[in-house]
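Let the hints inform the model, and build the full structure from the sequences given.
So the chains spell out like this:
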Amino acid sequence: MKAIRIIGRSIRDAFKSVGRNFSLSFASIMCTTITLILVAVAIVCAANIENATKLIEDELSVVVYLKKDTTEETIENIKSELASISNVEDYVFKSKDEWKHEMEEYSETFNTVLNYLDTNPLLDSFIVKVYDINSMKDTVEYIRSIEGIDTVKYGEGMVESVVSTFDIVEKVVVVVVIALILVTAFLISNTIKLTIINRRNEIEIMRLVGASNISIKLPFIFEGFIIGVIGSIIPICITIYGYVILFSQLHGQFSNMILLIEPYNFVFYVALVLVIIGAIVGMFGSLKAVRKHLKI
Amino acid sequence: MSFIELKNVSKIYKNGVTALADMSVGIEKGEFVFVIGLTASGKSTFIKMLYREEKPTKGIVTVGGLNVGKIRNGKVYKLRRKIGIVFQDFKLLPKLTVYENVAFALECVGMKQKDIRPKVMDALERVGLKEKVRCFPNELSGGEQQRVCIARAIVNEPKLLVCDEPTGNLDPETSKEIMNVIDNINKDLKTTIIMATHDKDIVNRMKKRVLVIDHGVLVGDYAKGRYKAHESN
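Sequence order for the protein chains is A and B. Just so you know, the first sequence maps onto residues 1388 to 1683 in the working numbering. Just so you know, the second sequence maps onto residues 460 to 692 in the working numbering.
Treat the hints as calculated values from the structure; they're not laboratory data. Keep in mind that the hints are not guaranteed to be accurate.
Simulated pairs of lysine-lysine, DSS-like, Cα-Cα distance not exceeding 25 Å [as the list claims (entries may be wrong)]: (1) Lys1403(A) <-> Lys550(B); (2) Lys537(B) <-> Lys1679(A); (3) Lys507(B) <-> Lys1403(A); (4) Lys488(B) <-> Lys1604(A); (5) Lys550(B) <-> Lys1604(A); (6) Lys488(B) <-> Lys534(B); (7) Lys473(B) <-> Lys1389(A); (8) Lys507(B) <-> Lys537(B); (9) Lys554(B) <-> Lys1679(A); (10) Lys1481(A) <-> Lys1524(A); (11) Lys1675(A) <-> Lys537(B); (12) Lys1455(A) <-> Lys1540(A); (13) Lys529(B) <-> Lys1403(A); (14) Lys1604(A) <-> Lys534(B); (15) Lys1604(A) <-> Lys554(B); (16) Lys1580(A) <-> Lys541(B); (17) Lys646(B) <-> Lys1604(A); (18) Lys554(B) <-> Lys1580(A); (19) Lys578(B) <-> Lys1403(A); (20) Lys571(B) <-> Lys1679(A); (21) Lys1679(A) <-> Lys578(B); (22) Lys1389(A) <-> Lys534(B); (23) Lys1604(A) <-> Lys473(B); (24) Lys488(B) <-> Lys646(B); (25) Lys1403(A) <-> Lys554(B); (26) Lys1389(A) <-> Lys646(B); (27) Lys541(B) <-> Lys1604(A); (28) Lys554(B) <-> Lys514(B); (29) Lys1487(A) <-> Lys1455(A); (30) Lys1389(A) <-> Lys578(B); (31) Lys1679(A) <-> Lys488(B); (32) Lys514(B) <-> Lys1679(A); (33) Lys578(B) <-> Lys1675(A).
Okay, the calculated bits of chain A under chain B, using three or more residues with CB under 8 Å as the criterion [unchecked claim]: (34) 1586–1600; (35) 1630–1637.
By construction, the Cβ of each residue, glycine as well, lies at the ideal position given by its N, Cα and C atoms.
In structure tokens, the structure reads:
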């Protein structure tokens, strides 16, 4: 009961002191707001790049053409060979007749040309999906060496370079996000430190009248929490409205290459992350600042 | 064993200054003791040791049976809840009202709101400030601010009231009023009072036990009413 009362009093005092020390609280809130806007932009970029990379990777498949007139036995043999490759996620057999059928539907010209031929000139094939795109080259080399394989096709070179570029960009953005979070923590902690230096008298009196360390720290921790949460409101609004508008303006894709993530529920996840970052950084910032004044 | 006991206590600060040297003294429950001495004689260090703002370098300080020097930093609050402290500079929170300043001491220890109100009003009545509960410290005179500080110190009904030059910033007339308030607390509540001061008029007039400290050494311990007689002799 006593603990609940102390927590209740701390929350009440935290709200009061945000109001009573308004100019410093406002400085902390603004500082949080600005850095969280940057964090939000970085998170949105990182998530979209990751999404684009994933989409490219998902759509990418290897087409394995079999030699002409491959026997059923060889096909079974190739199947078991493919199944034994650890990087192969899935494979589907696609006969030359299926290819023909698909192409007839796809192009009228092709349909006409094929009708002139007596036999189907296409090859039986396997459509293979891989787990790890980075070791695709090795996998393709291995498949080529299997008996009965004619050719193996995938977007050689181009796909790898696009994926690795995206990979690097994504890593850079993640580093930027982490750096921004650290900068936010540092800035908030410093601004709150100013507030607390201004109130060291209050902390001293609390100590002298017999307040335990935890009951001294709690109001400041809640204050940091409140500042962090209030500071995240504007970045959240900017993220939600900004991203929704951006998405509709760009019709869901960026330079024909990157498909943007659907705004809902993505923006809400980002909003949640921003609130959590704001609150945690605010709390730890003020805890760090108040701890210094508690040494007896 | 006395309520407060110092046994061969020395305090040497990090800069090498010896604030107290081998001091031994005992104070009984309910006593009113003045601690006097010149500036930098060590009386503030003596007072601060009682509420564990300073730790002895050597020797033992016990308050109510507790070895003050042995209390861990995180547990000091337990000692502080048994002691009321009055400061020369009042140490009131400027953004809290008189009522809130006094209630602050009880809220800090997690007391229920419904129990806080009567205690705060009692303490404010005892110091004669019941009419000013809604005022902020900057709306009060120096004497009134000191009364608020005393009310905050006694609201928790401490066994010991430690006063560090409480009249240092006040004119003689106001000082007299403050001393009456403190004396009444000693008489009515049987609170042990230890007061550092360099105001000889007060010491002479009040006729209490007096400890004289000079350069960190206890040079005199005068029983109740003996100090003035000794000076005039």
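Checked hints:
Under the criterion of a C-alpha separation no larger than 25 Å, the hint pairing Lys1403(A) with Lys550(B) is consistent with the structure, at around 20 Å. For the hint pairing Lys537(B) with Lys1679(A), the CA-to-CA distance comes to about 21 Å; that is within 25 Å, so the pair holds. Taken as a hint, the Lys507(B) and Lys1403(A) pair is broken in the structure, with Cα atoms around 32 Å apart against an allowance of 25 Å. Distance restraint check for Lys488(B) and Lys1604(A): the Cα-Cα separation of roughly 34 Å exceeds the 25 Å cut-off, and the hinted pair is therefore not satisfied.
Restraint check for Lys550(B) and Lys1604(A): satisfied, since their Cα atoms lie roughly 20 Å apart, inside the 25 Å limit. Restraint check for Lys488(B) and Lys534(B): the C-alpha separation of about 23 Å stays at or below 25 Å, so the hint holds. Taking the CA atoms of Lys473(B) and Lys1389(A), the gap is near 39 Å; set against the 25 Å cutoff, the hint is violated. Between Lys507(B) and Lys537(B) the alpha-carbon distance is near 16 Å, which keeps this suggested pair within the 25 Å criterion.
A C-alpha spacing of about 23 Å is found between Lys554(B) and Lys1679(A), which places the hinted pair at or below 25 Å, so the restraint holds. Using a Cα cut-off of 25 Å, the hinted pair Lys1481(A) and Lys1524(A) holds, with the two alpha carbons roughly 22 Å apart. Proximity of Lys1675(A) to Lys537(B) is assessed by CA-CA distance (about 24 Å); at most 25 Å being required, the pair is judged to hold. Annotation: proposed proximity of Lys1455(A) to Lys1540(A) holds, straight-line Cα distance about 16 Å (limit 25 Å).
For a cut-off of 25 Å, the pair hint linking Lys529(B) to Lys1403(A) is broken: about 37 Å separates their Cα positions. Distance hint between Lys1604(A) and Lys534(B) is fulfilled; the C-alpha atoms sit about 15 Å from each other, no more than 25 Å. Of the pairs offered as hints, the one joining Lys1604(A) and Lys554(B) holds, with about 19 Å between alpha carbons and a cut-off of 25 Å not exceeded. At roughly 31 Å between alpha-carbon atoms, Lys1580(A) and Lys541(B) are farther apart than 25 Å, so this suggested pair is violated.
Between Lys646(B) and Lys1604(A), the direct Cα distance comes to roughly 37 Å. Violation of the 25 Å bound is thereby established for this hinted pair. Of the supplied pair hints, the one linking Lys554(B) and Lys1580(A) holds, its CA atoms being roughly 19 Å apart against a limit of 25 Å. Only pairs whose Cα atoms come within 25 Å are accepted, and Lys578(B) paired with Lys1403(A) is accepted, the gap being roughly 23 Å. In summary, the hint linking Lys571(B) to Lys1679(A) is not supported, as the alpha carbons are separated by about 30 Å, beyond the 25 Å threshold.
Taking the CA atoms of Lys1679(A) and Lys578(B), the gap is near 33 Å; set against the 25 Å cutoff, the hint is violated. Restraint check for Lys1389(A) and Lys534(B): satisfied, since their Cα atoms lie roughly 17 Å apart, inside the 25 Å limit. Proximity of Lys1604(A) to Lys473(B) is assessed by CA-CA distance (about 28 Å); at most 25 Å being required, the pair is judged violated. The hinted pair formed by Lys488(B) and Lys646(B) meets the criterion: a straight-line CA distance of about 12 Å does not exceed 25 Å.
About 10 Å separates the Cα atoms of Lys1403(A) and Lys554(B), which keeps this hinted pair within 25 Å; it holds. At roughly 33 Å between alpha-carbon atoms, Lys1389(A) and Lys646(B) are farther apart than 25 Å, so this suggested pair is violated. Distance check on the hinted pair: Lys541(B) and Lys1604(A) sit about 21 Å apart at the alpha-carbon level, within 25 Å; holds. A distance of roughly 32 Å separates the Cα atoms of Lys554(B) and Lys514(B); the hinted pair therefore is violated under the 25 Å criterion.
Annotation: proposed proximity of Lys1487(A) to Lys1455(A) holds, straight-line Cα distance about 15 Å (limit 25 Å). The hinted pair formed by Lys1389(A) and Lys578(B) meets the criterion: a straight-line CA distance of about 18 Å does not exceed 25 Å. As the CA atoms of Lys1679(A) and Lys488(B) are separated by approximately 36 Å, the hinted pair breaks the 25 Å bound. Between Lys514(B) and Lys1679(A), the direct Cα distance comes to roughly 19 Å. Compliance with the 25 Å bound is thereby established for this hinted pair.
Proximity of Lys578(B) to Lys1675(A) is assessed by CA-CA distance (about 35 Å); at most 25 Å being required, the pair is judged violated. For the segment 1586–1600 of chain A, the stated coverage by chain B is satisfied: 12 residues place a CB nearer than 8 Å to a CB of that chain, which reaches the threshold of 3. Counting residues of the segment 1630–1637 of chain A whose beta carbon lies closer than 8 Å to any beta carbon of chain B gives 0, which falls short of the minimum of three for the stated coverage.
Figure legend: structure checked against the earlier numbered hints; hints not met, in rising order: 3, 4, 7, 13, 16, 17, 20, 21, 23, 26, 28, 31, 33 and 35.
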